[in-house]
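Asker: From just these sequences and the hints, can you work out the full model?
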Amino acid sequence: MTVNDIDTSPLPEAAPAAPTPLTLDRLAGLTAEIAEEVRQGLHEIHFDAEERWSVRLRADDYTDVWLISWTPDQSTRLHDHAGSLGALTVVTGELVEHHWDGGLRERILAEGEGGRFPLGHVHDVVNTSTAPAVSVHAYSPPLTAMHYYEVTDGGTLRRTGSILTTDPEPDVPTLEAVPTASAEPEEGGR
Numbered sequence: 006m007t008v009n010d011i012d013t014s015p016l017p018e019a020a021p022a023a024p025t026p027l028t029l030d031r032l033a034g035l036t037a038e039i040a041e042e043v044r045q046g047l048h049e050i051h052f053d054a055e056e057r058w059s060v061r062l063r064a065d066d067y068t069d070v071w072l073i074s075w076t077p078d079q080s081t082r083l084h085d086h087a088g089s090l091g092a093l094t095v096v097t098g099e100l101v102e103h104h105w106d107g108g109l110r111e112r113i114l115a116e117g118e119g120g121r122f123p124l125g126h127v128h129d130v131v132n133t134s135t136a137p138a139v140s141v142h143a144y145s146p147p148l149t150a151m152h153y154y155e156v157t158d159g160g161t162l163r164r165t166g167s168i169l170t171t172d173p174e175p176d177v178p179t180l181e182a183v184p185t186a187s188a189e190p191e192e193g194g195r
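Counting from 6, one number per residue, gives the positions in the sequence shown under our numbering.
You may find that some hints are simply not true.
Cβ pair distances, simulated, as ranges [stated by the list, open to error]:
1) Thr157 with Gln45: 41 to 51 Å
2) Leu47 with Thr157: 41 to 51 Å
3) Thr157 with Glu116: 27 to 37 Å
Treat the hints as calculated values from the structure; they're not laboratory data.
Yeah, the Cβ is synthetic: ideal placement off N, Cα and C, and Gly gets one too.
Answerer: Pasting the structure below:
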């Protein structure tokens, strides 16, 4: 080998490391495949008017897949999936997604339709119809945390909290439910 045989062209810039080997397209395909399994009756569904019901259908080192049911008026809070990509497919019914894109935008997800959630995708999902809905969600890497948000009076997005969780349906207290510290110490306290 001579000097003339060495490739001296600049090296391509390294792509940033992805949080997972799965793409948004693959996650969307996975939720569509499993939604079809649900339509075929291969997975049992429950409905709970008090709380959204969910069950993990699959889990491995790269992905977790959840089946979630929604009775009328059930919703999530405005959130993201921290370091996980995500996708969902509506199995039955209709869901409304509010997502942040410089302001809150709305899209209706009808039966068979879905959404993809890149890193940093902030959204809320709600069943605004009078009929129940069912959806399949996939996250990669599997969920480890979620961040919650509010839209300020000035129309900006503000993070209100974060939790560590492996469940897309965590029991998250509202601000009204979080106890406040007393201004006066308890008797015997400092």
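Asker: Take a look at whether the Cβ-Cβ distance between Thr157 and Glu116 falls inside 27 to 37 Å.
Answerer: holds (35 Å)
Asker: So does Thr157 sit 41 to 51 Å from Gln45, Cβ to Cβ?
Answerer: holds (45 Å)
Asker: Could you see if the CB distance from Leu47 to Thr157 stays within 41 to 51 Å?
Answerer: holds (44 Å)
Of the hints listed earlier, there is not a single one the structure fails to meet.
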